[in-house]
Amino acid sequence: MTDGQGPTLVRSGTFAVLGTDGSITGRGGTTPDGLFHRDARHLSRLALSVDGTAPTVLVPSTGEHSARCVLTPPGTRDEPADYTIFREQALGEGVLTEQLRLVNNLPSPVTAILVFTLDADFADQFELRSDKRRYLKEGAERAAEAGPDGVTFSYRRGHWLSRTAVRASPAPASVRPDGDEGTAQRLEWRLDVPAHGSASLTLTATAYAHGAPASAAVTSPQEARSELARDTESFTDVPLSLPAGAPASLAAACARGLSDLAGLRVPVTGTGGELVRVPGAGVPWFLTLFGRDSLLTSVFALPYRPELAAATLSALAATQGTGHDPDRGEQPGRIVHEIRHGELAHFRQVPYGRYYGSIDATPLFLVLLEKYTRATGDPSPASRWEGPARAAVDWMFRDGGLEEHGYLVYTPDVRGLVNQNWKDSAGAVCFADGTQAEGPIAVAEAQGYAYDALVRTARLARTCWSDAAYAERLERAAAELRDRFSRDFWMPEADFPALALDGRGRQADALASDAGHLLWSGILDAEQAGRVGRRLMEPDFFSGWAVRTLASGQQAYHPLSYHRGSCWPHDNAVILLGLARNGLADEARTLSQGLLDASAYYGHRLPEVLAGYGRTEHPRPVPYPHSCSPQAWATATPLAVLSALRRLRPA
Numbered sequence: 001m002t003d004g005q006g007p008t009l010v011r012s013g014t015f016a017v018l019g020t021d022g023s024i025t026g027r028g029g030t031t032p033d034g035l036f037h038r039d040a041r042h043l044s045r046l047a048l049s050v051d052g053t054a055p056t057v058l059v060p061s062t063g064e065h066s067a068r069c070v071l072t073p074p075g076t077r078d079e080p081a082d083y084t085i086f087r088e089q090a091l092g093e094g095v096l097t098e099q100l101r102l103v104n105n106l107p108s109p110v111t112a113i114l115v116f117t118l119d120a121d122f123a124d125q126f127e128l129r130s131d132k133r134r135y136l137k138e139g140a141e142r143a144a145e146a147g148p149d150g151v152t153f154s155y156r157r158g159h160w161l162s163r164t165a166v167r168a169s170p171a172p173a174s175v176r177p178d179g180d181e182g183t184a185q186r187l188e189w190r191l192d193v194p195a196h197g198s199a200s201l202t203l204t205a206t207a208y209a210h211g212a213p214a215s216a217a218v219t220s221p222q223e224a225r226s227e228l229a230r231d232t233e234s235f236t237d238v239p240l241s242l243p244a245g246a247p248a249s250l251a252a253a254c255a256r257g258l259s260d261l262a263g264l265r266v267p268v269t270g271t272g273g274e275l276v277r278v279p280g281a282g283v284p285w286f287l288t289l290f291g292r293d294s295l296l297t298s299v300f301a302l303p304y305r306p307e308l309a310a311a312t313l314s315a316l317a318a319t320q321g322t323g324h325d326p327d328r329g330e331q332p333g334r335i336v337h338e339i340r341h342g343e344l345a346h347f348r349q350v351p352y353g354r355y356y357g358s359i360d361a362t363p364l365f366l367v368l369l370e371k372y373t374r375a376t377g378d379p380s381p382a383s384r385w386e387g388p389a390r391a392a393v394d395w396m397f398r399d400g401g402l403e404e405h406g407y408l409v410y411t412p413d414v415r416g417l418v419n420q421n422w423k424d425s426a427g428a429v430c431f432a433d434g435t436q437a438e439g440p441i442a443v444a445e446a447q448g449y450a451y452d453a454l455v456r457t458a459r460l461a462r463t464c465w466s467d468a469a470y471a472e473r474l475e476r477a478a479a480e481l482r483d484r485f486s487r488d489f490w491m492p493e494a495d496f497p498a499l500a501l502d503g504r505g506r507q508a509d510a511l512a513s514d515a516g517h518l519l520w521s522g523i524l525d526a527e528q529a530g531r532v533g534r535r536l537m538e539p540d541f542f543s544g545w546a547v548r549t550l551a552s553g554q555q556a557y558h559p560l561s562y563h564r565g566s567c568w569p570h571d572n573a574v575i576l577l578g579l580a581r582n583g584l585a586d587e588a589r590t591l592s593q594g595l596l597d598a599s600a601y602y603g604h605r606l607p608e609v610l611a612g613y614g615r616t617e618h619p620r621p622v623p624y625p626h627s628c629s630p631q632a633w634a635t636a637t638p639l640a641v642l643s644a645l646r647r648l649r650p651a
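Residue numbers for the sequence shown follow the numbering used here, beginning at 1 and rising by one.
Derived by calculation from the structure, the hints in this document are not laboratory data. Built from N, CA and C at the ideal position, the CB exists for glycine as well. There could be a bad hint or two in this list.
What the hints assert, rightly or not - Pairwise CB distance ranges (calculated):
| id | residue 1 | residue 2 | range |
| --- | --- | --- | --- |
| 1 | Gln-555 | Ser-486 | 42 to 52 Å |
| 2 | Asn-105 | Ala-248 | 40 to 50 Å |
| 3 | Asp-78 | Ser-241 | 56 to 66 Å |
| 4 | Gly-139 | Glu-438 | 18 to 28 Å |
| 5 | Arg-620 | Leu-161 | 44 to 54 Å |
Use the sequences and the hints to build the structure in full.
What follows is the structure, given as structure tokens:
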């Protein structure tokens, strides 16, 4: 049985990471495998043996709507395998189903002895990360109960109960424990395969997560594949008009991005209690609603799939903060950062069940609401969500810090996130020497988002809410914020904006890509925006593939860090939209080409993040070792490239 990583299947909040032979080994770390549903691993072992040994892989597992591979028992040149196994696996929502089709290569009948070894560890995703944290689970019990056609695994901790039911057709000849300890089970079959004929075995694993509705029945990989194909095709059927002179690979990157986005949609509850499908942030760690990620993904996709924006706005309005809960950062009007359904979140061993530690999701909610209203020409959503929008504005002034500090600020959360902007890793908001800024921290791009949110909400107040006085108040606040920002953030010697102001008002002087977001939000004047845009395309920032999160040559720079030298496609998408907004056509085309060239090395799918090594150092983009893929705002980046190029005048 090989342990190489094969395909990742994704559908409606469920995903499966499989080996090249279709196996699951139960590994953790940076590339965990298994069947995952609602933040838990519902199948941690899926090992096939044939005639007492691991099969040989003739064709490794590949595919998107389903995973297929070709296996045989071991054989030699003179004694080839008696039969060949065609294996197909596919996902339903909360379901992994697979079929083995055995084809007899001989003119006489054969009997194949097949064994599946199965287990479900129900590990929470936070346990599987490679950060060495451990979580106590007092009283937790795992069990396995054999049945006539399979086995049911269960996990109980107090009132928490999750199950995985594995059913087979035909029923196994025997089901017994695999060893004296643990819950792993061996299911065995003796399949008779007629001469030059075939026989089939179907196995279905259904996840029953605590507190979740039952998964829909799926009877075969063919059924799951067809359903997913129809759903994907209806989402990707978008006419994409490419501008003259666009790179040849743009169409392929957009098509791949739309296909990935279709699979990343997760069902959540909207403001009216209805189920809506929003972009989940990414696989393997973040396939759930994330405020910032879902908002920016929806912004990128807005001209092509506006229903994503409507769903995201509804889901975030439904989970908007209503009171003060310091443990999870909830404040009235604040937009949620992250929603989790797993055991550790349920028992509050991690704060992320409904976590609000984001400084930028709230203004981005307002930005998307106005953009969606203008893009669709439909004022009814703006009226429907007027209350949540006004509450979001109130949060920016009150708990967000605009009134007290003059800026949106956050204080590092010792239990949650140290940094609450998009660069949310420890040490990411730093001085040029690498020292982490200490709070209350006002990070640059959040001030741009706040400015844009005030301007756009004022527009909604005039056009949709008939409240001119409110509009004037917001416009005045936006103008004052813009003036303060130019005074306090601009670094004359560097001729560039600071990454942040720390709690003492000092400029965090690292040269960072966040400045590019200021072009998109409009908080810089035209002259400043031009200087920043051109500076971002100099070699210390631009790797040849994308703009680095930190310019190289600074003490804090590290090309393999998460946020201090790596390159993020979505970060570059925002920068690119800002370049186009400010008419920096040459810079926009250069950045577009770099991103598309990088995507071509990944089958036109941009990963979450790339290492910061330059194109002159290595002829291919160097992967970042812990990158999510597919990841929502990276998959939507080609759509932002298309929008930016459409905005430019023909070359």
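May I ask which of the numbered hints given earlier this structure violates, with the numbers listed in increasing order?
-> Result: hints 1, 4 break, sorted rising.
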